[in-house]
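Novice: Listed below, chain by chain, are the residues.
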Amino acid sequence: MLINCVAYEQGRRLADVPVAEIGSFLARPGCFVWVALRDATPEEMAQMQAQFGLPDLAVEDALHGHQRPKTEEYGDDTLFTVVHTVELSPTDEPMIGEVNVFVGRNYVLSVRNRSRQPLLGVRARAEREPELLQLGPAFVLYAIVDSVVDRYFPLVDALEDELDAIEDQIFEPGTQARENVKRLYALKRRVTQLRHVVLPLLEAMDQLTGGRVPPGFSHTQDYFRDVVDHLTRIQGALENLRETINTAIQVNLAVSTIEESQTTKRLAAWAGVFALATFLVGVWGMNFKYMPELDQPWGYPAALAVIFGACGLVGWRFRRAGWL
Amino acid sequence: MLINCVAYEQGRRLADVPVAEIGSFLARPGCFVWVALRDATPEEMAQMQAQFGLPDLAVEDALHGHQRPKTEEYGDDTLFTVVHTVELSPTDEPMIGEVNVFVGRNYVLSVRNRSRQPLLGVRARAEREPELLQLGPAFVLYAIVDSVVDRYFPLVDALEDELDAIEDQIFEPGTQARENVKRLYALKRRVTQLRHVVLPLLEAMDQLTGGRVPPGFSHTQDYFRDVVDHLTRIQGALENLRETINTAIQVNLAVSTIEESQTTKRLAAWAGVFALATFLVGVWGMNFKYMPELDQPWGYPAALAVIFGACGLVGWRFRRAGWL
Amino acid sequence: MLINCVAYEQGRRLADVPVAEIGSFLARPGCFVWVALRDATPEEMAQMQAQFGLPDLAVEDALHGHQRPKTEEYGDDTLFTVVHTVELSPTDEPMIGEVNVFVGRNYVLSVRNRSRQPLLGVRARAEREPELLQLGPAFVLYAIVDSVVDRYFPLVDALEDELDAIEDQIFEPGTQARENVKRLYALKRRVTQLRHVVLPLLEAMDQLTGGRVPPGFSHTQDYFRDVVDHLTRIQGALENLRETINTAIQVNLAVSTIEESQTTKRLAAWAGVFALATFLVGVWGMNFKYMPELDQPWGYPAALAVIFGACGLVGWRFRRAGWL
Amino acid sequence: MLINCVAYEQGRRLADVPVAEIGSFLARPGCFVWVALRDATPEEMAQMQAQFGLPDLAVEDALHGHQRPKTEEYGDDTLFTVVHTVELSPTDEPMIGEVNVFVGRNYVLSVRNRSRQPLLGVRARAEREPELLQLGPAFVLYAIVDSVVDRYFPLVDALEDELDAIEDQIFEPGTQARENVKRLYALKRRVTQLRHVVLPLLEAMDQLTGGRVPPGFSHTQDYFRDVVDHLTRIQGALENLRETINTAIQVNLAVSTIEESQTTKRLAAWAGVFALATFLVGVWGMNFKYMPELDQPWGYPAALAVIFGACGLVGWRFRRAGWL
Amino acid sequence: MLINCVAYEQGRRLADVPVAEIGSFLARPGCFVWVALRDATPEEMAQMQAQFGLPDLAVEDALHGHQRPKTEEYGDDTLFTVVHTVELSPTDEPMIGEVNVFVGRNYVLSVRNRSRQPLLGVRARAEREPELLQLGPAFVLYAIVDSVVDRYFPLVDALEDELDAIEDQIFEPGTQARENVKRLYALKRRVTQLRHVVLPLLEAMDQLTGGRVPPGFSHTQDYFRDVVDHLTRIQGALENLRETINTAIQVNLAVSTIEESQTTKRLAAWAGVFALATFLVGVWGMNFKYMPELDQPWGYPAALAVIFGACGLVGWRFRRAGWL
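Sequence lines, in order, name chains F, B, S, G and C.
Sequential numbering from 1 applies to the first sequence in the numbering used here.
Sequential numbering from 1 applies to the second sequence in the numbering used here.
Sequential numbering from 1 applies to the third sequence in the numbering used here.
Sequential numbering from 1 applies to the fourth sequence in the numbering used here.
Sequential numbering from 1 applies to the fifth sequence in the numbering used here.
Treat the hints as calculated values from the structure; they're not laboratory data.
Here the structure is a predicted model, which is why all the values come from computation and not from measurement.
Each residue gets a CB set at the ideal place from its N, CA and C atoms; glycine is no exception.
It cannot be assumed that every hint is accurate.
As the list claims (entries may be wrong) - Under 10 Å between C-beta atoms, here's a sample of chain S residues computed to sit facing chain F:
1. P200
2. S256
3. G322
Stated by the list, open to error - To be clear about the criterion: a stretch of chain C counts as covered by chain S if any three or more of its residues have a C-beta under 8 Å from a C-beta of chain S, and this derived list gives those stretches:
4. 185-199
5. 261-271
6. 274-285
Stated by the list, open to error - According to the in silico footprint, chain G covers these stretches of chain C (three or more CB under 8 Å from chain G):
7. 20-29
8. 149-156
9. 288-301
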């Protein structure tokens, strides 16, 4: 579906362009065309390919989707970029969409697939800053990628918040260790999924700044360095999360094991005290004829005293040893 | 076994060529010969070596098999490539076959060993696109490798499905932890086996795109970059699987330990309650002469009341502490 | 908030400069201006940007904060550096502030945000060594970074002391394993946080020494190599901490598990001894008519002797097996 | 001990050479001398050093042994290589010997120390292929290293077989977990030892193929690439083993823990059933005067019925919960 | 403290030089001065700095100590090297000292701090080999570093012996698992400390051989390659130790857990046998009036027979199941 198709000159909006007339605008010097598609059909892509001379392999990638985030140069004047949009919650299955961007000398074509996040704001913001927009198609690519990357930050924050929430649980006495493990496991999967979105994009963006950059991107290096910087920060946070989750799983198990085994020990200690008591009452339950204490009036109270005394002594020693 | 041997010109099928006449076609400019062998015998290989002047070490590799996936240049005009075909299920021993491809200036020789996956489809598809096939032997190599790599994707999907199935089990109460561990272990071995097929191939294909490429491969770089891209995606999925399996083994053990120790704790708590009851009935089972309560009509019911009361109190406290 | 703004010539303080007159000093050859701001407002930054011609993206970074430590070149004559100040205790949440430094051909502008550590000492020390200060803005950057980095050392020492304290606990019998794990976990998070401050700064500083350095930094390479050296030392200590903490968590759990299970084993052994005794007293508590030993005067003492003898024997064997 | 000393011309054996006459053969153009020593004494090495002008440090290395596998160039025309021979079984301490090879423009000197694997076969095979042997000293080095590396493969196979055997044990019910751990641990040490033989050699051989190679080795690159290929395959197998052993240790512990704790749980459940029964018989063992059921003829059978009924009920519930 | 100060010419000792006259010897062509200090005071360092024109930052480093091992070039003709001496036992806190070496075109200054290992032997040995000593200051640096590195080998051997000793313990039945863990933990810390001495030195020495080396070191590359080789060997041994210790900690815990839980299982099985016996004696301890077996003369022996029979049966089944 065509969202819009606009021609720009000197960073200013020139006109909304019908698709069929794109060619004439491409011919005007100092002018570039910015087309936005959404969930493009093969027919739309074929039309665009005809207008802009897009490379076959890239068009196929844009149609089939499920590519890794990447940046590919075709010949001297076409750059094909894939970035992923993510709608991620710490618990539900994330939805990963794609924005495919073709950048030529005098055009930008963005194709957004399987994503509910509109990019209209990018165009609006770019049009408000003509001195930047006149940097041309390369700047538009920056604006799109920057906007997508900015939406990663709240996702990382949400994952960090979930980790904090679980951490608070872990050292809580009587915690639901099993539930914690389950949440940590789910959280780790989320982090891994986000990493697979971020890491290849970081590599891809790194090719647009520093050292050798594709032709037409030398004047936007500072901008892409900024994007790389953001992605590096996100990546650092994700590595941090990943390692901390690993430790948290281990620590959660440790705390739970320690707690459970202390309870078991305590119950075993109680069982020991009662075993002593049961033995003693059994002694006086024996049926020997000549057990003189049985015939004394003080026998019963004395027996109870002995029992409670012995158990109390053992219990006190157990408590001193930290077992009760 | 010779599958077929065909000469092409301008990307179009020229003629089926008897092996003995290969030489004359090789001499025609703008023409190349594409030979396909299967489970080649030493005699067939010797014949081919004579026709194409194949390097000794590579021919030996193709005959003996059990090579790593790789790409080797011999002199200026011969490239020897080994890729592995895999038939893998998450539970059975995988079958790993090989496709050895020799690429020269004007010939392609593919030798498929120990593999039940035919490559006939590759030739058919290539012949339907003469504008691509006229890119020559390098394109044929791409078509073969691409076809093999495409068959890796369903394998990775099957492994991921198996992992999902196990994950669903892990957090199921009363799960068969032992069975889960066994499946995870088997799954991990499959992943490792597939990695040993994919990783070296990724490295090998990377040498055919970007930077310095062998002579005769400069015009097919975009195609091999596409293959590298697919392999990188597979590799990412395998790394993901590997790490997730490690975590799942750990988490499965954690969940099982937590569950078992809770049961043990609960049984120990019940044992504690009965230890108390047994002690109490033992008290009134003692044979002291002067135990006034024994002679009262209300003695028995009162004793039972005391027993059930005491046990109920302890049980209630245990339940409050989460032990029952 | 403007802290101070001073012009220097030949490494000597020339004059305190009102912000509005900075321009005239910048025009003097061999003279540079060093401005220090703290928690700068957008207005102050705009003023500075006008005076020094600072790049937009860098100014935005300095205002918004939450950047990674980094070094960025803008054009040929501006270097933008971010370093983090840390106030960290092994137990409390650390406070991370930033020092943003803009270095030009003839000016230095430092902006300190969210940090309670004043940098006044840096200026005082620099002014006492005019032969160094005349190395110019690059040296001032070194002096600032060096001062910040020097404050990392006591943090690392504090973390190492905390680890030593926990280690002493781990092998103490009857230790609070749960508490140790909690402290180790908190400590690990501190280490991770400090790593995220140190590692990017190490990378950034490495760009100012050895190989290619930005223009205007070739004569200060030895100084920045010194900073890199300090940071490498800190990084080594942090890696060391990280790995040791991981091992300590594992070892703490091991020691605790071993201790708890020994106690459980010991209690179970005691329970076994009492189970034997209880069985024996039960035997003579049976109500069979013809149990000849019950009628003997020596029956009771003999029974007690048998009981204590049997239990003593079992207890002695258990002790020999290391179970008691 | 001198094994043999032969001069070759055009790849053909010229004559057995007495050590003292080596010099005259070295002077003949197109001729090279191949000397083999075994457990060389300092005197023999000194003699060789005099004949060939070997570098001091390399001679010292060859005498003292215990070097890492390596390749070192001395000046423009001497290459010193150390490879390790291994006699390794999965259970016994491995024996690691060394082959030191000096390669010059027109000589090869191999010194085999602490190794029972003769290299005579290498010379025999080389002499049967004069067209290869005429490639000169570099080819001889290849032939020696190739022969040593070929002997690594059965070692790796033996280690993999041992792992397979242990794996079969792990999931066997009632397995000897302790014995498995012990075997896995021993196996891991073997793998580590073999890695320390293979990895440095891989690095060393890599220097003789691709990119820059020492003078005199440019025409043998394909051969050394073949060796590198074999070593890479071995290395991959070792990495695989290493990781699988780690997982196997973990999994073995998991399976054993799960099995043991299930047994403990089951025994605890049985203990619970008997605790109930013991309590009930205790009730009717109390000595209260007014316990009407004691006086009924149906009392005893009814009591037994109650006891077995109650225990059966509890046992049935335990079984349903998977505890029995 | 000045140890000695000697001038050399052509590799031969020329004269002992008073510090004040160093200058005149430095002026003689083909002559170099070798000064050795120990625990140098600031005054001594200032004196040396004046004589040799040492760089400020390096002098500071040599005075303050606690540097990482490193090699730093200052200008074209001064190289500053720090190596660490270690006195390490597997159990005690190690003592780490430093040797700081300044190497110039015609002088060597070594400053040994906090180390009890004298370097006098280095000078003696060097003087015995004038043909090597005439290689100049670079060779002296090699001789010093080589001597320090040689002293690392016995440390590594001691650590490996300690590991072997612990390993022998681990699989010993009835082992002190706790004690083993403690020793392994201490051992791991030692290994980490030694790694922090070895790794940076390896990096530093690598800069003095192969590729680009500092001026004045091109003729000593073979010697420093030898040092690098030794350090690489040590590093390999340390990595090996580190990984083996990790596995050993894990395995030790596994073995201990397996052993303890088997004992617990065995005790629980015994408890089960006695629970049955106690239940049975309780049955005949009940006070029902009509329990016909109580009145029979064969009642008591029959009861005992039943009890021992039932317990024997259960015990036999438990033993068959491997629980007893």
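Novice: All the hints need checking, so say for each whether the structure fits it.
Specialist: Results of checking the hints against the structure:
1. P200: Holds, because the Cβ-Cβ distance from S:P200 to chain F comes to roughly 8 Å (cut-off 10 Å).
2. S256: This interface hint holds because 6 Å falls under the 10 Å limit.
3. G322: Cβ of S:G322 sits 18 Å from chain F, so the hint is violated.
4. 185-199: holds (count 5)
5. 261-271: holds (count 7)
6. 274-285: Since three or more residues must qualify, the claim that chain S covers the segment 274-285 of chain C holds, with 8 doing so at under 8 Å.
7. 20-29: The restraint on the segment 20-29 of chain C is violated, since only 0 of its residues have a Cβ under 8 Å from chain G and three are required.
8. 149-156: Three-residue rule not met by the segment 149-156 of chain C, so violated; n is 0.
9. 288-301: Since 4 is at least three, the answer is holds.
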